[in-house]
Amino acid sequence: MGDKEYGLDRDRIDAVAGEIVDVQQQGVELAIVVGAGNIYRGMAAAAEGMDRATADYAGMLATLLNALALQDALERRGAHTRVLSAIEVSEVAEPYIRRRAIRHLEKQRIVIFAAGTGNPFFTTDTAAALRALEINAEAILMVKHAVEGVYGGDPRVDPNAEFLPELTHLEAIER
399 MGDKEYGLDR DRIDAVAGEI VDVQQQGVEL AIVVGAGNIY RGMAAAAEGM DRATADYAGM
459 LATLLNALAL QDALERRGAH TRVLSAIEVS EVAEPYIRRR AIRHLEKQRI VIFAAGTGNP
519 FFTTDTAAAL RALEINAEAI LMVKHAVEGV YGGDPRVDPN AEFLPELTHL EAIER
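The working numbering runs 398 ahead of the 1-based position in the sequence shown.
Please note that the accuracy of each hint is not assured.
[Claimed, not checked] Beta-carbon label-pair distances, calculated as ranges:
hint: 1; residue 1: 493; residue 2: 558; range: 41 to 47 Å
hint: 2; residue 1: 506; residue 2: 565; range: 32 to 38 Å
hint: 3; residue 1: 565; residue 2: 489; range: 25 to 31 Å
hint: 4; residue 1: 559; residue 2: 417; range: 24 to 30 Å
No lab work stands behind these hints: they were computed from the structure.
Yeah, the Cβ is synthetic: ideal placement off N, Cα and C, and Gly gets one too.
Between the sequences and the hints, there should be enough to build the whole structure, so can you do that?
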């Protein structure tokens, strides 16, 4: 999370936490799906020869690091939070249970979803859409590290990645 090539950027995490708390104080119920591209990229590891499922599971575990860092930053600002993980890690997070997530939101807690969908081959973007549907969210707001919009590739890696100003769900699936 942040501008560093890898690892945690405390200043960036604190800034994001401040913005999240500001929104919550306006009465908005917030659930957040965290990624882990700043720590680990399963697709990149798979491209280098690692088993894809294993690489994806490692990426899911990396999301827990970001979830815990964000939880800490939010709680230092007085927010009440819960981390719910799609992979069981009871020492640091509650297991993801849909009704539990909804109940935490009703209690004005910020819910942080970790470990994606808990299944390999699915991105955290997929997890965001899935969790939004499950908790009956009114909106999904995507915040991506240093990327404005949707591209045909990673513009941070490929300077020729095509910007896609409009994209239907079918086009996204085809790509």
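Hint-by-hint comparison with the structure:
1. 493 <-> 558: 41 to 47 Å: Check passed, 42 Å falls within 41 to 47 Å.
2. 506 <-> 565: 32 to 38 Å: holds (35 Å)
3. 565 <-> 489: 25 to 31 Å: violated (40 Å)
4. 559 <-> 417: 24 to 30 Å: Hint holds: Cβ distance 27 Å, inside 24 to 30 Å.
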